[in-house]
Amino acid sequence: MTSATTTNNPNFVQRLARDHSPLVIALVLIFMAVCIIGAATAPNFLTLFNFKTIIRDAAIVGIMAIGLTFVTLSGNFFLLSMKETAALAIIAFATCMAAGLGFPMSFLITMAIATVAGAVQGLLIGLGGNPIVVTLGAAGLFFGIGSWWSDNLVVSFRRPHGAEWLGTGSTFGLPNITIAFVIIAIVAELVLRKTSFGRQVYLIGANRAAGRATGHENFAMAIKVCIIASVCSAFVAVAFSAQVSSAHVNYFSSEFGSSGDMTIMVIATVMVGGNSIMGGYGSTLRSSLGAVFISTVDNMMVLHGFNSGPRVLAVGLMIVFSIMVFALVRRGSRAEE
Amino acid sequence: MTKLKNWIVSNPDLAFAILLSVCVYGYFAMTNELFATHRTGFAIMERFAVLGLVGLALTLCIIAGEIDLSIGSNAALAAVITVRFTDSLGAPTSLMIALIVSTTIGMIQGYFIAYLRVRAIVLTVGTLMLLRGVALFAAEEKTVMLTDFRVPDFISTKMLGYFSPASLLVLAMFILVALFMNFTKYGREIYAIGGARKEAVAAGVSLKRPMIIVFAISGLCAGLGGAIIGLRSGTAQALGLQYVLLAGTVAAFIGGVSILGGKGGVIGAAIGTLTVNFLNTGLVFNVTPAFMVQLYLGILLIVVIMFQTGSRVFDESQRRKQILADTDRMAKLLTTRRQRIRSG
Amino acid sequence: MQPLLKLTNIKRSYGAIQALKGANFEIMPGEVIGLVGENGAGKSTMVKIISGFDSGFTGEYELNGEALHFSSPIQAERAGIAVAQQELSLIKTMSVAENIFLAGDKVPTFATKRSLSKMAKPFLEEVGLGHIDPSISTDRLSVGEQHLIEVARLLAHDPQLLILDEPTAALGESDSIRILDMVNRLAKRGKSIVYVSHRMDEIFKISNRIIVLRDGESQEPRQAADLDVNSLVELMLGRELNNMFPARVAKQPGGVPMMKVQDLWPDRFLERISFDIYPGEILGLAGQLGSGTGDILAAIAGATQTRDGNLVFKGRNFLPKTPKEAIDAGIAYCSDDRKHDGLFLGRPISDNLSSAALKRISTWGVRSDRSELEMVTENAVKFTVDPARLPQEAGVLSGGNQQKVALAKWLAINPDIILVNEPTRGVDVGARAEIYQKLRELADEGAAIVVASTDIQEITNLPDRVITIYRGIQVGEIALEDMTAAAILKEITDPFDETGLQEGQTV
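Chains as they are written, first to last, in this note's numbering: chain A, 1 to 337; chain B, 1001 to 1344; chain C, 2001 to 2507.
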């Protein structure tokens, strides 16, 4: 029972060097070399247009990843229902737009539905339900509701409509969706760093029992973070719908981007950024960077002329890689749970 | 009769699974006269051959306290390999190659999960994507097809009314795995690291061995399932078979597995898979659109979870009652002791 | 006869702290040694070294005359040394037999549940659980029975030496007696047992000889028959205690209580408890491990279920149902396990210090970095934590500093009542004095402090008044003038004068 160690807190590089020096450093160096070579040899990589493309491609997954990060940071793992919440939201939005309700009204209704969807899941999780299972069931439910509501048909609304600016418009040469991504990323990071809510997210995620002992219950937190994640999914759905002026429940199920399953992409993005699955460690900034990183890798592959096969392979490799590096680094550091 | 009641009380999750299975079957049998026929039985068993393997694999993973999200991609890769090489090497050889590849992939994953102390759900998010890329690569982005579709017919020949070589092979796997899990030290280790990982490690159970075994089995099941589908349909797509993850997970939970790990079994996996199959087939017969299947699966999952949670809450309250009863008994003894001291 | 195990001149340091300063240990075959010492005396370090969990020591280690130096606990286990830790390592979802044969060389590769049950029977007999069906699930057993199963598992590996670390800490009376009977039986069969415990009555009932550890040094083993409670306590405590504890002044009788605790009935208590808490005093709750003193504090703080209870506090009649309610009412509570719920180990110290009072450093939900820095610096300094370390993770601090942070964070809510369970567990001597000083200052400023502790030195010298608890009942109250270690010990170990009774003769 005696614990009498006094240690100086070594910094990041010292920890790396101390614990798994040969392996981690070798991996990180290889990785950096690959990136640099890939970037240097890809045609048109270092152009402004390309950078804008990278960020735009990262936007949709990135916004959802930011929402999901709140859930992960608070120790509530993941929502496996992001894709289906988006599907439900997109149907809701398109149906409202097609009924002539105009953009503001349709947007509000969609957000309201997303809030309810998130709150229900958060409630069950806060009461003690396991997030994986609850959201798996919710996913099926939402998808089914969306399909039934739209009779599994495409819902379209005519141009011009009030959502043009979001879907296809741009300001100062940047697509509005990109601007939205940047704004959301900044706001989310500020919330986490500067508000008492943000601090609570970290505390409850770091140690739920200690959180309870200091007056922060996971019940309220679970509901709030699930709502945040659902609203982000819905926002992405609205933006996409505005782009194509239509909606179908399967829009997010089929090959989205080059890598397919959206839920997996969003979760991978959160992990690639280095957020800890146990909670209490990480940030939305990391997830945003993770989104950009994955998008960059994909972009490099496209510029090199690879087909979807190698692209998916490269993205998958990068994801596994980052997870391994972060796991190795974390093994050497803080006190074990 | 009391023996039955005792069994139900000590295995509530399995009993509920059986009940659910019977209900689902009964419902469809009553609402559709085509459902309870021999031909449908055969179709269900054929489906079982693939979904059963996935359900078995996921059951084992969840018992061990983890999950294998890459199982669909692993299966798709095996399907591609099998179909691609059947023309040149023959069905049995290409099947072998696919199995070796998928099992090795599983073992590597299990090793890293144990060595890196990383949660499987995190690692397999990456490997899901990685394997999909490998499959795309192996299939050269096309749908792979056999030139002679009669070659693999043998796996679907009807035997004993409901079965085929494929489904019999799968049943054999089930039996082997059941024996392994229940009667060997290594099977028990898997239950231990799932049910109480910290305690198991403190008690001296190694983490590497059971983890590698579980994921090797998962890889093997994925490979076998993918190969069977590939041979049966004669085609394979690198991006296919993604639905097996959800269906398999639901089957595992219906079968009584607990998200906390350490609970569940092979019999439950079989029953859960059958239930999901009944649901699938029955809905198809009732001409329900595919999206509704997801809806019903979701509802079924929620029902099972509510039951499991309720049963856990009930157990907790029973335990508290027992503690309080013990305390009251001690309190009575206390009064006796005090009196005895006073008089003695 | 040569000793089974002999450790000579063992030195072990962790950084700047010397846990063992040349301590000795020995045990004969078939002997029961009682190992006693206060918190921080080096007991757990010694146990870790004996059982192979700690190889970083200097000194001689001889097993059966052969010099050894284990580099892992598995090696020690193979050599026949087994240790039953305080925390159970049973798999609750598996059966008793499966738990007994879980890992190690003696576990059969192929076995049915029934054959395992058959193999388990003799070991269950040996621990006194012969009547239990080995095929039932372990979570159906009581905590005491579970501890016995843990020992049964160790016995299945046929050890020569068994170390039991606080085996009866969580046990009720009948279960504790079972453990003692088992120890006797095993010793008769030639096994050696090291019995580490705070419970004086058990140490005397069971040991052949007693070894006392104090501040990292050991005393000569003494025959248990040559000692009594008073002399043992004297050996354990030594002389520095006077410098560690702040002076106390007898309180005037009368005065209005800050809180009246009425009919509080935590789950494992045999009857309801009532007492008063006065402002400006430190009230001690004394009781052996497992007596329930901690449950009382947790109940007042809303952290645990109770069957009944009412607090009269600040003009209200209520009982908090959640920690949040208690905090809002001005009640601070620090549990005995800071790693579990007292600290956010991965977060910076400043986060920890402000965690209970986020509302006070935020306006409209936005945190003010400046207010936070001000508040946490002030509270850190008050508990002598170096403010320069505020950005560091709480997990890198020493035990003493961690405990200070766990306590200091409550200053932020300006509490009227501070409840602390085991204020100096795992804390070095220097930090202890600082903590005691601070608690006294807080009391002098008008707060009411309630301290529960199993540390005899602490509970005798810190509080102004002590309430004694024995196995879930309130025994009595001891005022400052009567407060001696012996008096307290008597009430918490043997309030009914029963040590005259033979073992097993209790009702």
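If you're looking for bench data, these hints aren't it; they were derived computationally from the structure. Being a predicted model, the structure only gives us computed values, none of them experimental. The beta carbon of each residue, even a glycine, is placed where N, CA and C say it ideally should be. Accuracy of the hints is not assured; some may be wrong.
Taking lysine-lysine and the DSS-like style, the derived pairs with C-alpha atoms no more than 25 Å apart in a straight line are [stated by the list, open to error]: (1) C:Lys2006 / C:Lys2260; (2) C:Lys2490 / C:Lys2092; (3) C:Lys2118 / B:Lys1263; (4) B:Lys1198 / C:Lys2106; (5) B:Lys1185 / C:Lys2324; (6) A:Lys194 / A:Lys224.
Have a look at the derived ranges for each label pair, beta carbon to beta carbon [to be verified]: (7) B:Arg1320 / C:Asp2328: 25 to 33 Å; (8) C:Pro2108 / B:Asn1011: 23 to 31 Å; (9) A:Trp149 / B:Thr1157: 38 to 46 Å; (10) B:Gly1310 / C:Arg2114: 26 to 34 Å.
*Would you mind confirming whether the straight-line C-alpha gap from Lys1198 of chain B to Lys2106 of chain C stays at or under 25 Å?*
Distance ~21 Å between Lys1198 of chain B and Lys2106 of chain C Cα, so the pair holds.
*Given the hinted pair Lys1185 of chain B and Lys2324 of chain C, is their alpha-carbon gap at most 25 Å?*
46 Å, violated
*Does the Cβ distance between Pro2108 of chain C and Asn1011 of chain B fall inside 23 to 31 Å?*
25 Å, holds
*Is 26 to 34 Å right for how far apart the beta carbons of Gly1310 of chain B and Arg2114 of chain C are?*
Distance hint for Gly1310 of chain B, Arg2114 of chain C holds at roughly 32 Å.
_Pairwise hint evaluation, Lys2092 of chain C against Lys2490 of chain C, where the allowed Cα distance is 25 Å at most_ = 37 Å, violated
_What's the verdict on Lys2006 of chain C and Lys2260 of chain C, does the C-alpha distance respect the 25 Å limit or exceed it?_
With Cα atoms ~54 Å apart, Lys2006 of chain C and Lys2260 of chain C exceed 25 Å; violated.
*Given the hint that Lys2118 of chain C pairs with Lys1263 of chain B, test it: the Cα-Cα distance must not exceed 25 Å.*
23 Å, holds
*asked:* Within 38 to 46 Å: is that where the Cβ-Cβ distance between Trp149 of chain A and Thr1157 of chain B falls?
replied: 45 Å, holds
*asked:* Does Lys224 of chain A sit within 25 Å of Lys194 of chain A, going by the straight-line distance between their CA atoms?
replied: Roughly 17 Å separates the two Cα atoms, so the pair holds.
*Please test the hint of 25 to 33 Å on the beta carbon pair from Arg1320 of chain B and Asp2328 of chain C.*
27 Å, holds
Figure legend: structure checked against the earlier numbered hints; hints not met, in rising order: 1, 2 and 5.
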